[in-house]
Amino acid sequence: MNLRRRKLLAIAAALVVARPALATTAEMKAAIAAFAGGAEPRAGRVTLDVAKLVDNGNAVPITVSVDSPMTALDHVVAIAVFNERNPNTDVVKFALGPRAGKAVVATRIRMATSQKLVAVARMNDGCAWSATADVIVTLAACVEGDG
Amino acid sequence: MARALITMPKSAKRGEIIEIRALIGHPMETGYRPDANGKTLPRDIIRSFVCRYNGEQVFGAELHPAMSANPYIAFHTVATESGTLEFTWDGDNGFSQTETVAITVSG
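Residue numbers (my numbering), protein chains in the order written: chain A, 1 to 147; chain B, 1 to 107.
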């Protein structure tokens, strides 16, 4: 009996320890799953370029590039950026095609606090790739009355 | 009319990949910020951006409140033929603006 209890405790402890490694908020996970359309995004092929330490969360420059030949047979269909801690998990979604020539997009976004950003690219064959970046923000967006 | 800035080459060789940078003046009010009296300001953002090359869409974007004020988007396209590129921004409160830029493709 005692042994079984110990075993159960060990399993419970393992679960608790294993969880945080994969932790993304449920909302972001759901948004990513909806965007990827069933395919589980794999890490790789996508590069999310963003400063590790950001002074001003009101305008954070980001660049997303995807390793793809961008031909009619093999191209990126869409790129989306998600965040974990803003009031809204969506940031921006780009629609691309073979006429884009190069799967590189740059923009400026708002970040409410230090958090994780995820960029997901969906390919024309249905698979999805992703990249993650942790960003520390010193001056947050959307907190003060005017900014 | 908001002020829009589009930076791209005026001419290119056929098949060349050109970079286009588009910026438009807009507050992108998130709908989460309080005003001086503590009342939440209503959302007022640009929701979509589309670039058409001689009428055919080559790039599009769906914008959310997490986009910075005066949204800036840089992307690429293949210079296929001479003509015009049309940039359209649409948003809340009936916001809609279109800019066109001509391109000459040689070779």
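Just so you know, the hints here were simulated from the structure itself, not pulled from any lab data. Small disclaimer: the values here were computed from a predicted structure and weren't measured. Incorrect hints may appear among the rest.
[Stated by the list, open to error] Derived DSS-like pairs: lysine-lysine, alpha-carbon spacing no greater than 30 Å straight-line:
no., chain 1, residue 1, chain 2, residue 2
1, B, Lys10, A, Lys102
2, B, Lys10, A, Lys29
3, A, Lys102, B, Lys39
4, A, Lys52, A, Lys29
5, A, Lys52, A, Lys116
6, A, Lys116, A, Lys29
7, A, Lys29, A, Lys93
8, A, Lys102, A, Lys29
9, A, Lys93, A, Lys52
[Claimed, not checked] Estimated spans, in silico, between C-beta atoms of each pair:
no., chain 1, residue 1, chain 2, residue 2, range
10, A, Ala43, B, Glu19, 21 to 29 Å
11, B, Leu41, A, Arg42, 37 to 45 Å
12, B, Asn54, A, Arg85, 36 to 44 Å
13, B, Glu19, A, Asn56, 36 to 44 Å
14, B, Leu5, A, Leu53, 26 to 34 Å
15, B, Pro27, A, Ala51, 32 to 40 Å
16, B, Ser11, A, Thr25, 42 to 50 Å
17, A, Thr132, B, Glu99, 28 to 36 Å
18, B, Leu5, A, Thr71, 30 to 38 Å
19, A, Asn56, B, Ile6, 22 to 30 Å
20, B, Glu99, A, Ala106, 37 to 45 Å
21, B, Glu99, A, Arg42, 35 to 43 Å
For every residue, glycine included, the Cβ atom is placed at its ideal position computed from N, Cα and C.
Here is what the structure says about each hint:
At roughly 19 Å between alpha-carbon atoms, B:Lys10 and A:Lys102 fall within 30 Å of each other, so this suggested pair holds. At roughly 42 Å between alpha-carbon atoms, B:Lys10 and A:Lys29 are farther apart than 30 Å, so this suggested pair is violated. For the hint linking A:Lys102 to B:Lys39, the alpha-carbon distance of about 44 Å lies beyond 30 Å, and the restraint is violated. Note on A:Lys52 and A:Lys29: the hinted pairing holds, with a Cα-Cα distance of about 22 Å set against a maximum of 30 Å.
The suggested pairing of A:Lys52 with A:Lys116 holds, with an alpha-carbon distance near 10 Å, which does not exceed 30 Å. Between the alpha carbons of A:Lys116 and A:Lys29 the distance comes to roughly 12 Å, so the proposed pair stays at or under 30 Å and holds. The suggested pairing of A:Lys29 with A:Lys93 holds, with an alpha-carbon distance near 16 Å, which does not exceed 30 Å. Pair hint A:Lys102 plus A:Lys29 holds up; C-alpha atoms about 27 Å apart against a cutoff of 30 Å.
Restraint check for A:Lys93 and A:Lys52: satisfied, since their Cα atoms lie roughly 22 Å apart, inside the 30 Å limit. The beta-carbon spacing between A:Ala43 and B:Glu19, approximately 27 Å, falls within the hinted interval of 21 to 29 Å. Between B:Leu41 and A:Arg42 the Cβ separation comes to about 40 Å, which falls inside the hinted range of 37 to 45 Å. Range check, B:Asn54 to A:Arg85: about 42 Å between beta-carbon atoms, so the 36 to 44 Å window is met.
For the hinted restraint 36 to 44 Å between B:Glu19 and A:Asn56, the CB-CB distance of approximately 25 Å leaves it violated. For the pair B:Leu5 and A:Leu53, the supplied restraint of 26 to 34 Å holds, since their beta-carbon distance comes to about 28 Å. A C-beta distance of roughly 24 Å is found between B:Pro27 and A:Ala51, which places it outside the suggested range of 32 to 40 Å. Remark: the range hint 42 to 50 Å for B:Ser11 to A:Thr25 is upheld by a beta-carbon distance near 48 Å.
Hint check: A:Thr132 to B:Glu99, Cβ distance near 35 Å, so the stated range 28 to 36 Å holds. At about 31 Å, the CB distance of B:Leu5 to A:Thr71 agrees with the hint of 30 to 38 Å. In this structure the supplied range 22 to 30 Å holds for A:Asn56 paired with B:Ile6, their Cβ-Cβ distance being about 25 Å. Between B:Glu99 and A:Ala106, the C-beta spacing of about 19 Å breaks the proposed range 37 to 45 Å.
In this structure the hint that B:Glu99 and A:Arg42 lie 35 to 43 Å apart at CB holds, the actual value being about 38 Å.
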